[in-house]
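**Q** Residues per chain are reported as follows:
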Amino acid sequence: MGTDTASGGTWADIRARALGWRTVDIVVAAVLGVAVGVVFWLWNIVWSVTTPLFVAFPPAQAAVYGMWLISGVLGGLIIRRPGAALLTSVAAASVSAVLGTQWGVMVLLDGTLQGILPELVFLAFGYRRWGMGAAVLAAAAAGISPAIRDNIAYNVTWPLHHQVVYGVIVVLSAAVIAGVGARLLTTALARSGALAPFASAKG
Amino acid sequence: MAEDGRPGARVELSGWGWRHAGRDAHTLRGVDLVIDPGERVLLLGASGTGKSTLLHALAGLTGDDGAIGGDEEGLLLVDGERARRGRAGAALVAQDPESQIVMARAGDDVAFGPENLGVPPEGIRERVGEALEAVGFPYGPRHPTGALSGGEKQRLVIAGALAMRPRLLLLDEPTANLDPAGADLVRGVLGRLLERTRATMVLVEHRVAEVVDLVDRVVVLEAGGGVVADGPPRSVFADHGAALAAQGVWVPGHEPAPSTGAAPGGAVLLEAAGVAARTPPGLGVRVPPRRPVLENVDLAVRAGTATALTGPNGAGKSTLLTLLAGLARPYRGAVLPRGPLAAADRRPLARWPARRLARHVGTVFQHAEDQFVTGTVRDELRFAPLRAGRGARETEAWVGELLERLRLTALADVHPYTLSGGEKRRLSVATALSSGPSHAPDVLVLDEPTFGQDTRTWSELVELLGELRSQGRAVVMATHDGLLLRRLADVRVRVARGRAEETGRTAAEGGTRGRP
Amino acid sequence: MADREPGAPVADALTLDPPDDGGARYWLTRFNPAAKLVAAMVLGLGLVPAVDAVTGGVVLLGVLALVPFSGLDRRTLLVLGGPFLLMGLSSGLVNYLYGVEGLEGAVGAAVRLLAIALPGLIAAAGSDPTDLADGLVQRLGVPERPAMGVLAALRLLPLLADHWRTVTLARRARGLEAGRNPARMAALFFGRMFALLVRAIRTGTLMATAMDARAFGTGPRSRARHSRWGTGDTLLPVGALLLLAAAYALSARLGTLVLLFS
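As given, the protein sequences belong to chains A, B and C, one line each in that order.
Letter 198 of the first sequence, counting from 1, is numbered 198 in the UniProt record's numbering, and no numbers are missing.
Letter 474 of the second sequence, counting from 1, is numbered 474 in the UniProt record's numbering, and no numbers are missing.
Letter 136 of the third sequence, counting from 1, is numbered 136 in the UniProt record's numbering, and no numbers are missing.
Among the hints, a few may not be true.
Here are some chain C residues pointing at chain A (derived, C-beta under 7 Å) [said to hold, decoys possible]:
#1 Ala13
#2 Tyr26
#3 Ala40
#4 Leu64
#5 Pro83
#6 Val94
#7 Val100
#8 Ala117
#9 Pro129
#10 Arg145
#11 Gly149
#12 Val198
#13 Met211
#14 Val258
Just the calculated beta-carbon pair ranges, DEER-fashion [said to hold, decoys possible]:
#15 Val48/C <-> Arg497/B: 52 to 62 Å
#16 Trp11/A <-> Gly231/B: 50 to 60 Å
#17 Arg128/A <-> Glu73/B: 49 to 59 Å
FYI, nobody ran anything at the bench for these hints, they're computed from the structure.
The C-beta atom is built at its ideal place from N, Cα and C for all residues, glycine as well.
Using the sequences provided together with the hints, build the complete structure.
**A** Here it is as structure tokens:
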């Protein structure tokens, strides 16, 4: 599924793609983020009842964490331009900021980090590989952000080995749920014809 | 708005053609057309003839940097220059107001175009004021766009186009998504506007009768070809009306007349008792609390009868439909099965397991896509019979027969989302209908089933619904479609201000009010 | 054209209209939202290195003192206050259960977490999203086209939420129900997600076409709204920095300062 585009200087190619954003790239990246953001916002209302369970047993929360990281990977896989993962992720975070969360504008920082990390993975592949491998790695990278953040924000007094286990579960969950999930969704979306304006139209 | 002193743009196409990216056939080809400054032109043609594509091309949206990719041939000039988006004096108003409003406040949204054109701030303020006044916008510039009705939103969209002071006004079915009151409002605004401006106008509209007074010329396009008729509305309809109608175009004086058979009437199948509903939980911490949509609605749905819900958008028609279909729980009261339906399960419909519900109550959503759950047309049709426990062979035979009847055999293995609007509608009705021959659900609930359909799909649909009614099924539909109401509705219920009131009942049905 | 809107201002998730003559209660809403964002980031990030209750507590008290001037109404405080306190409680609990510093460490962790989050909460709840985007673009150099794109996409929030509900109903209409089976729940969730994303992409494509038709990105852009930045807007982040420094100094003076990874 990795689609190689025209050869030529990798950097020149990346530069051209980074500068050539069309309106449709920008808006669809942002709308994707908002769509994912609103699902999780509604989802949170439904699932807030289960919070006590998660509170008492943090690994359970870590295991489903991947869901929350799908936006950046999905944006990258669909739009296929440098910065798409970042834009989608920030858009998803801005939904929470606008609708109201106890973190307020700080979620924008989370969104930025969760977008930059998968962006780095796509960059490492020269923005040419969009297959399952790249998706899983990008999602795992995105998972690093909450893995570290939670350990220094929530679980500060935990012994190191607890923190490491927690972090590993978060990253694995991200790789499986966000990575595999985003890749499968992209394939399905391409089959439905919705991605016609994008390079991902062929899957 | 277009300054009264400035003349409209001149449009010239010669040998123009367009092929969408990834398609083999041209959407349009060999289009030769000259539109003089100030002319008002209606583009007409069967579904899929590329009318909207031509409008987009005139707006300069089909280049490499746009969302619409494909190959262009021939020449398309606006005032002697290749069309360039925004800057060439063209403005476009499309169907769906939701996707055309960019900003959260009315004034900011109107200012969006002028900002992009680099108009200095003082100039923008002046244009915003003028444009909002021209469309009779009833609120101030700081009014939240999210709080507007559909008709108000579309008026704001028109204001946004006017603020760019266009010399070429392109209208792509501007009233299609509105309820009758909203559509009247927008048509009124357009009529007044066209008296004041000298801008050239090109209009695409599905329901021709309603806009024919706004134009002085009709141009008929043919799929894969060019202009096949061109002239004043009266003469074009006289010469080509029958041919257009045969292609499914809504032509005044050529309304379809499907045969629907008589309504047999029958026992009550569903009864809404004291049903109340509220708006869904608002998004965000700043929204007001949930408000009531329906209050104390009582309604009986009878077998062999077509019940139509009418009323303005947002008044609760769709909410009432989802309650009648057992998809959601009412806030108060209940929707109860009666008669033969109660034999399946006596509990309120909302508490039925999904599988049982799907067997007895079919629902057709306004957007056909919402109800597709598989990846191919064939799987979509197989889904219900297989889940109902029918054998593989029986299912295949039934699916094959359905594909033939729906004229979808050649498309059996494509994704349902890639079908055309009419094909999607036919498929969505088929999926809701049955798990096998003679297993149609007792009640069929439809939300705006005829929306946006050409006359051919429209007629097929009305005939099918008539047939189901003759078989003694109950049909419940929410609709604005006046012709559908006249052809099919036995009982009309107006939903407005939280109430549902029966407003009409046809003679044929009146005779079967009692139990058979 | 009507200068005044008929009736009361309409509540809307994407707009905020603090009264001009609301007095001290709305003092914070008059700052540039970008300045509030910077101040919140300063406090939030500045507190990361200190894990004791005193440093966080000083900041928390300082910021709490601003709440009466933030323009937040009682309803917003209630709706956001619940999850906010629950978050503090849960952080305290997990640190008490699994941490190595006992009750004292748990209390410190909870107080610190709340102190990190509260400034952001106030900055977001008292800012109009459009004003925030204007501030970010015009004052902090955030690229304009993507910022406008996000702003436009946020307008679709109610539409997308409605659509999510419709898709959920449609699954039931087709006879699909997860019951208690987690695998089926996940399959159903991704199926709905797929349907939502298709609609989102289609709507986004239409919106991009509409924005293109209105000349978006065709050349230099002018701005109808000017994002004002006064001396106060510079002083707000500076004030945040001073509060942070005072908190660290006090904690160090009392000998309670505990740094992360120490």
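**Q** Compare the structure with each hint and give your call.
**A** Now for the hints, and whether the structure bears them out:
Hint on Ala13/C holds. Least Cβ distance to chain A is approximately 6 Å, under the 7 Å limit. This hint is violated: Tyr26/C has a C-beta 17 Å from the nearest C-beta of chain A, more than the 7 Å allowed. The beta carbon of Ala40/C is positioned within 7 Å of a beta carbon in chain A (closest approach about 5 Å), and the interface hint is therefore held. Proximity of Leu64/C to chain A is violated relative to the hint, the smallest CB-CB distance being about 14 Å (cut-off 7 Å).
A hinted interface residue such as Pro83/C counts as satisfied when its beta carbon comes closer than 7 Å to some beta carbon of chain A; here the least separation is about 5 Å, so the hint holds. Satisfaction of the interface hint for Val94/C is found here, the shortest Cβ-Cβ separation to chain A being roughly 6 Å, below the 7 Å cut-off. Of the supplied interface hints, the one on Val100/C holds, with its beta-carbon coming within about 5 Å of a beta-carbon of chain A, less than 7 Å. Annotation: interface hint on Ala117/C holds; nearest CB of chain A at approximately 5 Å, less than 7 Å.
A distance limit of 7 Å between C-beta atoms decides the matter here; for Pro129/C the minimum to chain A is near 5 Å, and the interface restraint holds. Interface hint at Arg145/C: satisfied, since its Cβ lies 6 Å from the closest Cβ of chain A, which is below the 7 Å cut-off. Hint status for Gly149/C relative to chain A: holds, with the closest Cβ pair at about 4 Å, below 7 Å. At a threshold of 7 Å, the smallest CB-CB gap from Val198/C to chain A is about 5 Å, leaving the interface hint in force.
Using the Cβ-Cβ criterion of 7 Å, the hint placing Met211/C at the interface with chain A is satisfied: the shortest such distance is roughly 5 Å. Restraint check, Val258/C versus chain A: the minimum CB separation of about 9 Å is more than 7 Å; hint violated. A hinted range of 52 to 62 Å for the beta carbons of Val48/C and Arg497/B is consistent with their spacing of about 55 Å. With their beta carbons about 58 Å apart, Trp11/A and Gly231/B fall inside the hinted range of 50 to 60 Å.
Between Arg128/A and Glu73/B the beta carbon distance is about 32 Å. The supplied range of 49 to 59 Å is therefore violated.
Hint violations for this structure: numbers 2, 4, 14, 17, all remaining hints satisfied.
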